[in-house]
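First to last, the protein sequences are chains A and B. The first sequence stops at residue 732 when you use our numbering, and every number in between is there. The second sequence stops at residue 802 when you use our numbering, and every number in between is there.
What the hints contain is simulated information worked out from the structure, not anything from laboratory work. Here the structure is a predicted model, which is why all the values come from computation and not from measurement. For each residue, glycine too, the CB sits at the ideal point set by N, CA and C. Among these hints, one or two may not hold up.
[Claimed, not checked] Derived contacts from chain B toward chain A, CB cut-off under 7 Å, selection only:
| # | residue |
| --- | --- |
| 1 | Tyr514 |
| 2 | Glu521 |
| 3 | Ala522 |
| 4 | Leu651 |
| 5 | Gly770 |
| 6 | Tyr772 |
| 7 | Ser776 |
[What the hints assert, rightly or not] Coverage of chain B stretches by chain A, computed from C-beta distances (three or more under 8 Å per stretch; other residues unrestricted):
| # | segment |
| --- | --- |
| 8 | 636-646 |
| 9 | 724-738 |
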Amino acid sequence: MTATDGFSRRHLLATGAAGAMVLSAPGLVRAQAAPVKLGILQPVTGNLAQDGEYGRIGAEAAINEINQAGGIKSLGGARIEMVFGDARSNPEAGTQEVERMHAEGVAAVVGGFASPICLAASQAASRYDLPYVVDVGVSDQIVSRGLKNTFRFGPGFGTCTRVAIENLVKLNDAAGKPAKTVVLVHEDGLFGTGLAKLMNERLSALGFQILETIAHPTPARDMSNVALRIRALNPDLVIPSSYYGEFVLLARTMQQQRIRPKGIYAVLNGAASNFRFVKEFPDAALNVMDCNHWADPRKPKTAELRRQVEATGRFWLYNVPLNYSAVKLTADAIERAGSRDRVKIIEALAASTFSDHIMPYGPTKFENGQNMGAAPVNTQVQGGDIKVIFPDAFADAKPVFPVVG
Amino acid sequence: MLRSYPPQIVLEAVLNGLLTGAVYALVALGLTLVYGVLHIINFAHGAMLTLAMFAVLMVHLGFGLDPYLAIAPLAALFFLFGYGLQRFVISPASRNDDGAILLVTLGLSIVIENALLAVFRSDTRSLTLDYSFSIVDLGFALLSLPRVIGFGVAILVAGALWAILALTDTGKAIRAVAKEKLGAALVGIDVNHVYAVTFGLGAATIAIAACLLMPSFYVNPRAGNAFVLVAFTVVVLGGMGSIPGALVGGLIIGVVESLCGLYLGDSLGQIGIFLIFILVLLLRPTGLFGARA
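All chains, full assembly: derive it from the sequences and hints.
Encoded structure:
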């Protein structure tokens, strides 16, 4: 009930805003083409609310930009109209919202954020040949089901972990191999345990000595014991795979306990590439590295969008550029399809070579729905900012490794 | 799985456990006091702790009041809240039936938790204070400053509570009611008033515990339950209704949890607590300081 109310209010606001825009820019109204409806699915309530909110900000920024630049030209300058759906942080709600979006006649759906939501929502969309572009969801199951309608613009779990390990080895070699011993800290759920197991196997094979693998529950009340164990083991490198709250607690406890390894290297970590952490606890965050999604800092559009987001008092999270880019990718496909026909849009997406995005990926090339150029980058917290340190092609800072202090 | 740690790491884990244990003790004090006098288990204890933690958060965000300075006003406020709750809600609703009291406090916990959920949502929040991650360097161990303060205040509160019960007229009335309700009423003690005062004291200790917890802990609408589950074990270990028992029990449980966390990992850290719970029930059901039946 509330979702419907929320929708109609938003719908009204969106229409009102669009109307105001048309009035203020009469030169753009060349043809009276009906708007193209685009479904934006994000979890803006529940425990993923923060991510969903930032995803929506990115999607809205892209839609506004496209409309201001004259809409979809091959459809007579048709504006894009957002049909927003709240996935309420669970797959069932995501599916319901896709059903509603279908009923409202959207041309495509973008978003989902979490893997379980993306899996369920894209499957629901496939029943109507409705194109679905995943924004984040890293589970590799998403693109291995043979669904013709599902495309993922960002990298998956396999790519992320492979790149993370490759980059770690390169980073370590370039610095003269200062890191030999490793302690893995992970949350004891599916995500953390799986990642730690993988890291354990691969890093051992590459000659790193894994001193210990420490599990902790989510939520954790206290990280003193984990910190104590790390201090007793004195590793060169700490590799955490935990969620935001627990990693922040661990980083702060390590700082408090004066535990200073040569590096903290996180993989797909919620905190190490999150400006909230950097701003709230700058000392604990300093020099923490992450291998994660991040916008290409060298593209001028990235800086512009970042300024735009920060001007509203919000943080620059990766959800913004990923959704911004995914919406632009979808709009480009609609433009090239020159049609509202869903099958034609799917064909256009599959043939996409879209490169006007702000991720460090190069031109888009889909194979079985996965963008093959997509990869994570290495970031490091330096001087109160999050810098890209690896690969060199996108880097805007040199890595601080090993950390001396 | 088990590995040996250098002595100073183990020592530090023990000290950490003692510091955490003092706060467990404080939460358990309120529970054991209410049980000792009213002979009811207050199921709303956890929800009231959560409420108090949110109160600490709000007075900090709203008025900039430091959690430690909030101890006095919040303890007073929660005393009145507890007093009113017992006098005007729990007592009339339960009609002197123990089973009904149990259900009333359970109902209260559901109401409080969901009211908090409606107002604050399910987000986890924490306070950011300059000294949140300050440390006390003992030379051989680094201890968290908020926990050291928490330890000191918890011991003081336990002492103060003991003094109130042992030395004041109100304390004597409370003890009289706890021992012999009918007799106390016959010599002119207002039993309902004593019940409400006791409940108020219990609520005040929760407010103090919340003030001590917030500088180093987070809060969400279910945060209090984690402590209350432990507090129940503390009460059973120390002896139902015993104040020194709650204090000693809390410290023991804190150390056990910390050492289990160190040796077995944090995912299994609490296993020791519940093993103790079972062992006490098997071997010494009256607890360490409990009166023999």
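Comparing the hints with the structure gives:
1. Tyr514: 5 Å, holds
2. Glu521: At 6 Å from the nearest chain A Cβ, Glu521/B passes the 7 Å test, so the hint holds.
3. Ala522: Since the shortest Cβ distance to chain A is 6 Å, the answer is holds.
4. Leu651: Cβ of Leu651/B sits 6 Å from chain A, so the hint holds.
5. Gly770: 4 Å, holds
6. Tyr772: 9 Å, violated
7. Ser776: 5 Å, holds
8. 636-646: holds (count 5)
9. 724-738: holds (count 3)
Hint violations for this structure: number 6 only, all remaining hints satisfied.
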